[in-house]
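Hey, can you work out the whole structure from these sequences and the hints?
In the order they appear, the protein sequences are chains F and B. Mapping of the first sequence onto our numbering: position 60 corresponds to residue 60, and the numbering continues sequentially without gaps. Mapping of the second sequence onto our numbering: position 5 corresponds to residue 5, and the numbering continues sequentially without gaps.
By construction, these hints were calculated from the structure, which means they are not laboratory data. Think of the CB as a built atom: it goes at the ideal place given N, C-alpha and C, for glycine as much as any other residue. Errors might be hidden in some of the hints.
What follows is a set of in silico ranges between Cβ atoms, one per label pair, in the way DEER data are often shown [stated by the list, open to error]:
| no. | chain 1 | residue 1 | chain 2 | residue 2 | range |
| --- | --- | --- | --- | --- | --- |
| 1 | F | E152 | B | G69 | 49 to 57 angstroms |
| 2 | B | I67 | F | F142 | 53 to 61 angstroms |
| 3 | F | R9 | B | A56 | 47 to 55 angstroms |
| 4 | B | R65 | F | R21 | 38 to 46 angstroms |
| 5 | B | K85 | F | R10 | 37 to 45 angstroms |
| 6 | B | Q23 | F | G109 | 45 to 53 angstroms |
| 7 | F | L23 | B | A15 | 25 to 33 angstroms |
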Amino acid sequence: MPSEYGPLRRGPVAITVAGTRFLIPYRPAAVWAEALGHHLGSLAAALADPEDRDEMAELLMENPYARADLERESLRILGEAAGRNWWEAGRLVNTSTGSEVLGRMVLAGVDPWARTVGEWCAAVYALCVKGQDEKGRVKFDFTLSIPPPGYEDAWDDGGSSDPAAFLASLKG
Amino acid sequence: MGDDTYYTVQVKGTAYKFKPIPQDDLAMVLTVANMGASQVKILKALNKVIGDSAGAEQWDQITDRLIAGEIKPAELYDLFRNIMKRQNEEPTKATARKRAAKTASAQ
Chain F
1 MPSEYGPLRR GPVAITVAGT RFLIPYRPAA VWAEALGHHL GSLAAALADP EDRDEMAELL
61 MENPYARADL ERESLRILGE AAGRNWWEAG RLVNTSTGSE VLGRMVLAGV DPWARTVGEW
121 CAAVYALCVK GQDEKGRVKF DFTLSIPPPG YEDAWDDGGS SDPAAFLASL KG
Chain B
1 MGDDTYYTVQ VKGTAYKFKP IPQDDLAMVL TVANMGASQV KILKALNKVI GDSAGAEQWD
61 QITDRLIAGE IKPAELYDLF RNIMKRQNEE PTKATARKRA AKTASAQ
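This is the structure in structure tokens:
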């Protein structure tokens, strides 16, 4: 479960690929956005230092399980850094690169080179729900929270089987 | 797609036959290329999968031409993309062949 403090962290994060531990240095939101634009499954490698990236490439060539490790770790660090599910973070970052949202963010003084990816996601989220009534906000939260195909099991509904409680949890 | 499937690809005027590249290897090369690894690592990944696909004898010829500068390293990535494209087209062709056979047998 992503930590609520994750969005504020400005430190390195550890990942393990094929049994090898790497430290991914702190990167501002702009770097995450660019890396996410290439390939989500190799996000952690794109954020790594060049030497570590090349070592990861070697592991991918040598170990058939390394690619799955890299993908799993990429999704994990995205979720942890944003303090929300990785697909929500991915959608918010992708939304932020559209000219209208990016323009509003820049005009509001939110600098992607000065903010963590978590802070950036929080700002995009705030912009998206700003001025929306309760219904619009629940709808946006619900749309954002639906996992992509293949990741349905990762959907955390809070363990409740009550639809009303589930909808209420989306507001939280 | 049987074991005898191969694709003929022209590389600077010479035709070579390539076996299909396993999906895991295709994904591995694409991951290495997308993650921003150095050119050397991308070449190494290409070398591994195209070498397997071409077979030892043809790969020897291709590497000789690479060393001689007749084939540029960037063209190796084009070759990889070409093989991948042919592979991706294959299931569509197979479906079309099945449909045509079914239509013919129904007539």
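Verification of the hints:
no.	hint	result
1	F/E152 with B/G69: 49 to 57 angstroms	52 angstroms, holds
2	B/I67 with F/F142: 53 to 61 angstroms	58 angstroms, holds
3	F/R9 with B/A56: 47 to 55 angstroms	50 angstroms, holds
4	B/R65 with F/R21: 38 to 46 angstroms	41 angstroms, holds
5	B/K85 with F/R10: 37 to 45 angstroms	43 angstroms, holds
6	B/Q23 with F/G109: 45 to 53 angstroms	46 angstroms, holds
7	F/L23 with B/A15: 25 to 33 angstroms	48 angstroms, violated
Of the numbered hints stated above, the single one contradicted by the structure is hint 7.
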